[in-house]
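> Sequence:
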Amino acid sequence: MKEPVRERKAARAGEPDAPRVQRSGRVWQVRSAAAARQLLRERRSTTQAGFTAEAIPKGYLKHHPILMSDGPLHDEQRTKVGRFFAPKVVEAKYLGLMQSCADRLLGDAEASGVVRLDELALLYTVEVTAEAVGLTESPVPAMAKRLVSFFNQPPFDITRPELGRTPRQWAQAAFNGLLPIVRFYARDVRPAIRVRRAQARDDVISHLIAEGYTNADILVECVTYGTAGMVTTREFIAMAAWHLLGNDAVRARYLVAEQAERLAILNEIIRLEPVVGHLYRRVQQPVTFSDQGEEHTAEPGDLIDLCIRPANADPETVGELPLALCPGRPLPRGVNEAVLSFGDGAHKCPGQPLAMLESDVLLRRLLARPVSIVSEPTIEWDDLIAGYALRGFVLRLG
Numbered sequence: 000m001k002e003p004v005r006e007r008k009a010a011r012a013g014e015p016d017a018p019r020v021q022r023s024g025r026v027w028q029v030r031s032a033a034a035a036r037q038l039l040r041e042r043r044s045t046t047q048a049g050f051t052a053e054a055i056p057k058g059y060l061k062h063h064p065i066l067m068s069d070g071p072l073h074d075e076q077r078t079k080v081g082r083f084f085a086p087k088v089v090e091a092k093y094l095g096l097m098q099s100c101a102d103r104l105l106g107d108a109e110a111s112g113v114v115r116l117d118e119l120a121l122l123y124t125v126e127v128t129a130e131a132v133g134l135t136e137s138p139v140p141a142m143a144k145r146l147v148s149f150f151n152q153p154p155f156d157i158t159r160p161e162l163g164r165t166p167r168q169w170a171q172a173a174f175n176g177l178l179p180i181v182r183f184y185a186r187d188v189r190p191a192i193r194v195r196r197a198q199a200r201d202d203v204i205s206h207l208i209a210e211g212y213t214n215a216d217i218l219v220e221c222v223t224y225g226t227a228g229m230v231t232t233r234e235f236i237a238m239a240a241w242h243l244l245g246n247d248a249v250r251a252r253y254l255v256a257e258q259a260e261r262l263a264i265l266n267e268i269i270r271l272e273p274v275v276g277h278l279y280r281r282v283q284q285p286v287t288f289s290d291q292g293e294e295h296t297a298e299p300g301d302l303i304d305l306c307i308r309p310a311n312a313d314p315e316t317v318g319e320l321p322l323a324l325c326p327g328r329p330l331p332r333g334v335n336e337a338v339l340s341f342g343d344g345a346h347k348c349p350g351q352p353l354a355m356l357e358s359d360v361l362l363r364r365l366l367a368r369p370v371s372i373v374s375e376p377t378i379e380w381d382d383l384i385a386g387y388a389l390r391g392f393v394l395r396l397g
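Its first residue numbered 0, the sequence shown is counted upward by one per residue in numbering that gives the first Met the number 0.
These are calculated hints, taken from the structure and not from any lab test.
Take the hints with a grain of salt, since some may be wrong.
To be verified - Below are the EDC-like pairs computed for lysine to aspartate or glutamate, each with C-alpha atoms no more than 16 angstroms apart in a straight line:
id: 1; residue 1: LYS144; residue 2: ASP117
id: 2; residue 1: LYS92; residue 2: ASP117
id: 3; residue 1: LYS79; residue 2: ASP202
id: 4; residue 1: LYS92; residue 2: GLU379
id: 5; residue 1: LYS347; residue 2: GLU75
id: 6; residue 1: LYS8; residue 2: GLU336
id: 7; residue 1: LYS92; residue 2: ASP201
id: 8; residue 1: LYS92; residue 2: ASP202
id: 9; residue 1: LYS347; residue 2: GLU336
id: 10; residue 1: LYS347; residue 2: ASP117
id: 11; residue 1: LYS79; residue 2: ASP290
id: 12; residue 1: LYS144; residue 2: ASP107
id: 13; residue 1: LYS79; residue 2: ASP201
Input sequences plus hints: build the corresponding full structure.
Okay, here's the thing in structure tokens:
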């Protein structure tokens, strides 16, 4: 029998690929792409439970963060903020910035001969996304370090009471989280708010001010955009470069392709290598979903763990060779090219156009240069985004 093709690099040890739907007490693991899409599109029966959403007190903030809210409030927030990340808006407003930023960073790297791609990608994604958000009043390298420090947290398990943490770990989490947030507010967020209260600009912070958000509300939104946007795109850029540098045929095609085909290649890479590996929903009303003709009903209080890595490799949705890199693979109508890597339904990530375009701009310029791998990255795992982190990815340029 022919061995199955397995090109996925980020496969977490001990993480099962089956069964398609599994229940363990009050926790459901869903690895079926169709069932996961159905559950993500349940607009009123479930609420956000990932990214420690349930640990954020709802009474303290005037406006609940967009990543954590649900229902009509979330729909209204998405509609208003979505205009900043629409594909045509992203290309018209930010393509020039992406190009100049990529050229500058790669030029500096070429002059030194070697570069850590994970570090360069962080500076690049922070600079680009900060422009869209409005975090433009502080130096990018310092802000990037502050954003990364948010991830210095003790491990947790969202399926367990108190996230599976001991009181000592909770104390450590509070200490490790509070100081970076205070620094981020004082040095990045507050200066940006001050400037935009004096004169509004066309960015997210100005929009939030116009909507009556308090400084605390704006801080939480900026943390969300920083961690869920800038940092995850950084990981994908490194992963995409790793694949393209190891696949001569796909890299050659990528370098001569038009933008639409290049983006299709990148969407296939993130389909294979989703940065966020799990999405979680808490059941508020009984919800019935089906897979392969079998119906399942989750009851109020149940936690649904949508396992994105196996769902993105579900052969019933993605077809043959689910763990191979096959740009342009046929998908069922209505299925995103990235499948579930950016979620689906009401909480589908609005930043997909920005993330894909900025990744394309940097990768195209990087791979057009003479480039080789000095050392491949190590794969680490982060509980907050339930995803991978690539570190120590060293390239030689020139």
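> Need the list of violated hint numbers for this structure, in ascending order.
2, 4, 6, 10, 11, 12
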